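Got chain W; can you put chain U on it based on the hints?
Just so you know, the sequences run in chain order W and U.
Just so we're aligned, residue 7 is where the first sequence starts under the numbering used here, counting upward by one.
Just so we're aligned, residue 21 is where the second sequence starts under the numbering used here, counting upward by one.
No wet-lab data here; the hints were simulated from the structure.
As the structure is a prediction and not an experimental result, all values here were calculated from the model.
All the pointers check out, no bait thrown in.
Stretches of chain W that chain U covers, calculated by requiring three or more beta carbons in the stretch to come under 8 Å of a beta carbon on chain U:
#	stretch
1	147-161
2	192-202
3	436-447
Here are the simulated distance ranges between beta carbons:
#	chain 1	residue 1	chain 2	residue 2	range
4	W	SER95	U	SER100	29 to 39 Å
5	U	GLY56	W	TYR87	34 to 44 Å
6	W	GLU261	U	ALA92	44 to 54 Å
7	W	PRO144	U	GLU82	34 to 44 Å
8	U	ASP125	W	GLU376	39 to 49 Å
9	W	ASP250	U	GLY178	44 to 54 Å
Computed list of chain W residues with no C-beta within reach of chain U, every gap over 10 Å:
#	residue
10	GLY79
11	PHE93
12	GLY123
13	PRO127
14	VAL172
15	ALA182
16	THR209
Quick reminder that beta carbons are idealized off the backbone N, C-alpha and C, glycines included.
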Amino acid sequence: MFGKLRRLSLDVSKTALEESQKLPSSERRQFLRSGLFTAGGAMVGGALAGLAPGALAKSKYPPENPSWTLSLGPGVVADPYGMPSPFESEVIRRNVPWLTADKVSSISFTPLQHLKGIITPNGLFFERHHAGRPEVDPQQHRLMIHGLVERPIILSMADLQRLPSVSQINFIECPANGGMEWRGAQLNSLQFLHGMVSCAEWTGVRLSTLLQEVGMKPEGKWVLAEGADGAAMTRSIPMAKALDDVIVAYAQNGEALRREQGYPIRLVVPGWEGNTHVKWLRRLEVGDKPWMQREETSKYTDLMADGSARGFTWVMEAKSVITSPCPEMPLGQKGVYQIEGLAWSGNGKVKAVDVSVDGGMNWQQAPLREPVLSKSLTRFALEWAWDGNPALLQSRVIDETGYVQPTLHQLRKARGSNSIYHKNAIQTWKVNADGSVINVQLS
Amino acid sequence: MFSFRKCGPTLALICSAAVLMPFSQRAFAESAGYYGVGETPTEEQIAAWDIDIRPDGAGLPEGSGSVDEGMAVYETYCASCHGAFGEGMGRYPKLSGGEGTLAEDRPEKTIGSYWPYASTLWDYIHRAMPFFAPQSLTDDQVYAVTAYVLNLNYIVDGDFVANKDTLPKVEMPNSGNFVWEDPRPDIQNERCMSDCKDEEVSVADSSQGKNLTPSTTGPLDEGLIE
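Chain W on its own, in the form it takes in the complex (with noise of 0.2 Å):
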């Protein structure tokens, strides 16, 4: 009974999404960003975005009773590890086939157009492997911390979370976010151009506690991390952040790490990029100098326009991105809007962040939304009455050291064109008459 209350629900989404998989993927594009589907006002992500509007009345307006109404749901644990609704079954990762050689050395997106509040679910945290998505058995792993201490030690999971814990709110970015838009625009998609960003409440130990424990040797000046999947991927870091707020995580968002995210534990490095944030951790070795490793000279290292390069640029600096309108969302009719996006800097919290509407010419500080937490996503909205012509969105942060968000033009000139990492410029998007959304550059 059940199942065939089920099946009848699913009937017109189904079919909906089924004509809309007939189309070539542009078209396809262009069906769901015709605005007919936002014309009710429901800007849901998911499949719903792809009913068709007969459809969507006939089954929920009023004086219509829709048919979950009239009948029973399953009941609890009819899933016992909850699911998305089918209805947002769109919402998903996803990958640029032509970024990379394989699958198992790539990354995955965040939507972060889908997305409400700060934290990310952990289905849907940004994935990077550089040898694959390792699947480790707690019982089977182990954490050894040697070199330059005391007393090395081999930790199996269960010892760690005997030690004291701490929680704390952070985002994780790869500092490739947006890297392919150096030399122009490429990707109309809010996904693919920022999507290398997500945050999460992580718990775990902190490092300094795992550190006194072995009993740091005075020579001690830097750690080297090492996960335990087939990249065995390593990165030195200096002791000072070591000691300051690093956590050996193995918990995310109140549950175990996310295989994708290094279970059974990682390091969160709050603020560094995202690759210092080794997954899969089994190794911490103290030492008296950094170790030179490929992710951190080969990779990494930012390559500037006279061909020197600069290494150990940790930091991601201050960022902020206008998530709606976007290219995968864009506006109906005329009217009243929020423009609402993400900002963070990993150097503490947001102070403000301003929004333009004319492509940087005039700004308006727009509200932040509480919580705002340092190395942390911050939400911001501006409300903006759009007279339904063309306009330029931009978004500018400032953090707490003062820093303002500069415009990729000013990157450029500083940095030129083949840094290939770290590119936090101010993101313009333009919106045509038609409510379409736009990835554009700005001469």
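Just chain U now, with coordinates in the frame of chain W:
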């Protein structure tokens, strides 16, 4: 059976001190191993996992390999992704070439043109290569293929033999071009609120019509769009 009287005078002092000392004070004790968790690894256990190599050669094991020996290893395990001469295949990395391109429009960052330290090559090949079977090469094979890749980049001669003494002495062509102190913030902005631009705002580039964006709705886009 335990009896307090069985504690000698010194032990009795420790017993009572341990009982009397407030927990919070003990938690901040500076001595190692306060929580006493975990087990102490043997030297053999540490050696098995301690695989990192530093530019000064710290960590390099015994063993050696020549350029000639490396050619065979390379052809078997590396050429299918990196090309017969390190020129790269598909989107797998180029290992050679690119000299003098770093300041150009399309820089080629290879081992020869970009990598600052030869030790990193040994370290990375050993820890993560071949891609499909990491940590499967012997130390001698890693030395050999390191020598071969350096030779592909004209950094060492064909008679070079890599070992823990010779490898740290190899000078990489680009080693002097790295700045290891972060010079940022390299842009200082004033926060302007109105009439912030001298010229009229215009669009210089747009993503529209470039056809590079994978699908953002429906199933995952599996194909190459380029």
